[in-house]
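**Student:** Okay, here's what each chain looks like letter by letter:
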Amino acid sequence: MIYHPPIEVYAGRVREVVLGRGNKALKIGGENILPLHLFEGSVANPPRFALEVYDVEPADWPDWLLEPFGEVVSDPVNWARKCVNDFGAEAICLQLESTDPAGEAVSAEQAAALVKKVNDALDVPLIVYGTGDEKADVRVLSKVAEVCDSENLLLGPLLKENYEEIGKVALEHGHSVIAQSPVDINLMKELNIKLCKSFPANKIVIDPVSSGLGYGMEYSFTIIERAKQLAVIFKDGMMQMPIIANLGGECWKTKEAKAGREQGILWEAITATSLLLAGANILVLRHPESYKLVKEIVSG
Amino acid sequence: MSIKGTDIVKKLPEGGKKNCRECGLPTCFAFAMKLASGGISLDKCPYISPQVKAELADALAPPINLVTIGHGENALQIGNEEVLYRHEKTFIHQPGIALLVSDEETEASIERKINKVRELRFDRVGLTLKADLLALYFESGDKSKFEALVRRAYEATDLGVVLISDDLDALFEARDIYASRKPLIYPITEENIDRAIPRIKQSPTPVGVRAETVEQLVPLTLKLKEAGIEEIVLDPGSGNLREAIAAQTLLRRAALKQKFRPLGYPTIALPCFMTKGELKEFVAASVFIIKYAGIIVISNADQYSLLPLLVQRLNIYTDPRMPLAVEEKVYEINEPNEQSPVLLTTNWSLTYFIVSSETEASKVPSWLCVKNSEGLGVVTAWAAGKFSADTIEPFIKRCGIEAKVNHRRLVIPGKVARIRGELEEAMSGWEVIVGPREASDIPAFLPELVKKWK
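Sequences listed follow chains A and B, in order.
Each residue of the first sequence is one higher than the last, beginning at 1 in my numbering.
Each residue of the second sequence is one higher than the last, beginning at 1001 in my numbering.
These are calculated hints, taken from the structure and not from any lab test.
Among the clues, some could well be false.
Stated by the list, open to error - Here are the simulated DSS-like pairs of lysine-lysine, each with C-alpha atoms no more than 30 Å apart in a straight line:
#1 A:Lys-117 x A:Lys-255
#2 A:Lys-292 x B:Lys-1004
#3 B:Lys-1280 x A:Lys-292
#4 B:Lys-1089 x A:Lys-235
#5 B:Lys-1116 x B:Lys-1053
#6 B:Lys-1089 x A:Lys-292
#7 B:Lys-1034 x A:Lys-253
#8 A:Lys-292 x A:Lys-135
#9 B:Lys-1280 x B:Lys-1034
What the hints assert, rightly or not - Listed next, the stretches of chain B that the computed footprint assigns to chain A, with coverage defined by at least 3 CB atoms under 8 Å from CB atoms of chain A:
#10 1191–1202
#11 1206–1218
Since the model is a prediction, treat every value here as computed from it, not as a measurement.
Yeah, the Cβ is synthetic: ideal placement off N, Cα and C, and Gly gets one too.
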């Protein structure tokens, strides 16, 4: 019996999306193979990794999560700088937690001014997440888009309730966006189709909502895996956007991650590795150690 | 199964038109359909020719053989997988996690490891998670040391084992100690296979085959099969994770898509030998949980390393067609009475176990109304229309909570705060209260709520 290696050729290709501009531009996506199937082709852009920064000082983080950052956790600009300079972050993801209307409800102007400061201080691209409050995010992200005009930030989440409003302003000011739908492949596609009517497809990244290990990770895993197969195998143009896995916060809120240093780092690293194997193109992590572990795994 | 009933029937006596009924079924067609679904043995047909019988037996066998390692209630079954991606159906047999113990380790270390693998147990969503095997490794070059290790493990625990030795004599002596418990012996290679086969046949047990590439495994498994040995586990000898992902994927595809019999066996992965650096090894192991390994050997197992891997394995091997769910009903927590708060959530096991344990921790007697959401969590159930006012209202009616309490106040999960309005509209007489977004805030929330009511 003769073995013929079952190598496959794929019909589709994921769109390449550029984050940031000029010297700090970073490309994601662009692959025409399944995740890490380097035996079937090459990828223009390997999976990319961002580290998280919060605009408010974390209140309930365990010591082993605060320890790598030291004093900068009260200073988002230097926190972001540290992530790039000390931990080699390829991008920064600024989480605008302070704008939560149920919390501090910081004004859009104030939030936008901070985003600009962080962005100006960095030589890597910036991802900006609002809180997911459909109304507050329209105000906040629109202001951010305006103040950081033509910086090509990656802004999100755009939901089915507010994609039109945020999308319009983001386009006007030259940014890319994150389309988010709650762990459902049909809702994901529907949002992509609607958004593409008024927004260029090559400036959209999709976020199927990442869940942490043990807390629904398998749902995120399977949605990402299916979305990637629709893009690469079935050449579905409305699924060919790169995928973002914003998983740091989801992992570190679990009691397992808070139970011990090594366990927390592995909780995040194994969630990230799983979603990477499913097909995420850019992953947002919190702990520099898990960031390092997963990057090493990808490079061989 | 890899052959359809309609294809089988053509191969039966008289082209499937004999219809003698001697198999107990009314027609050859019915017999063929039952064969295809695995419900009857080929032996029931007295007229089938030996040649067709062999051909059908081969076609009807699952594309990846089932291999059993160990015995009794600790027996581990691997193989028989049917898909490449869990969403195509489901993964079936969880990979066994094996803890490597070398005969070079100190007494204390050996004892600690054997105890760990026996004792580390984690309860989660009503299941018990644990490691499955010991991998006993002949590293010292001193056969008496290896023999002592094997005897010690044999006496200390009835867990199954992988016996790892490049020295064939040591390997088979260890096999003989474990002969009654189906150990996996490893590695059988191109270099030692001819000497090994007669000794395997003396006391058959599963065999781990190692080659440098996927292709080089083929002649080895063919030789073993010819010798009647079919409980085989494959190691394509990957040096790094990229190669490993390629090899594991090609093996699974060759077995399932090409029905290539010589590679239709489960696999073993040894991240313990692939990486240096303690945490990295477990991240590497997590790759193999997704990418098809049947056995994963790790060099250390502590709570911090084992728990994440076991939870990942549980997640990936959960049948996506049947999310883990609990029964729809009203659950009593801390002996509630007619004044106790009424909480609402969905019936995904994880949601239920977290909400109920946090409610219990609050010490506030409560009624927990668990609505059938087909095993979805709160947000996904809401997004899928299974946790909206028009389905919650009839559930509250039929679950009987209205007869158990003298108030009409319902606490809903904070993550679906947005349904409060429509819910109050649909449920006349009920006040709807938005609870915390995270279950971990329940112990702070409930006592405050009850205090306010008083």
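**Student:** Decide, hint by hint, whether the structure agrees.
**Tutor:** Verification of the supplied hints:
1. A:Lys-117 x A:Lys-255: 34 Å, violated
2. A:Lys-292 x B:Lys-1004: 49 Å, violated
3. B:Lys-1280 x A:Lys-292: 10 Å, holds
4. B:Lys-1089 x A:Lys-235: Holds, at roughly 22 Å.
5. B:Lys-1116 x B:Lys-1053: 49 Å, violated
6. B:Lys-1089 x A:Lys-292: Roughly 34 Å separates the two Cα atoms, so the pair is violated.
7. B:Lys-1034 x A:Lys-253: Status violated; Cα separation ~50 Å.
8. A:Lys-292 x A:Lys-135: Measuring from Cα to Cα gives roughly 36 Å; hence the hint is violated.
9. B:Lys-1280 x B:Lys-1034: 48 Å, violated
10. 1191–1202: Not satisfied, violated; 0 residues make the cut.
11. 1206–1218: The restraint on the stretch 1206–1218 of chain B holds, since 3 of its residues have a Cβ under 8 Å from chain A and three suffice.
Checked against the numbered hints listed earlier, the structure breaks hints 1, 2, 5, 6, 7, 8, 9, 10; every other hint is satisfied.
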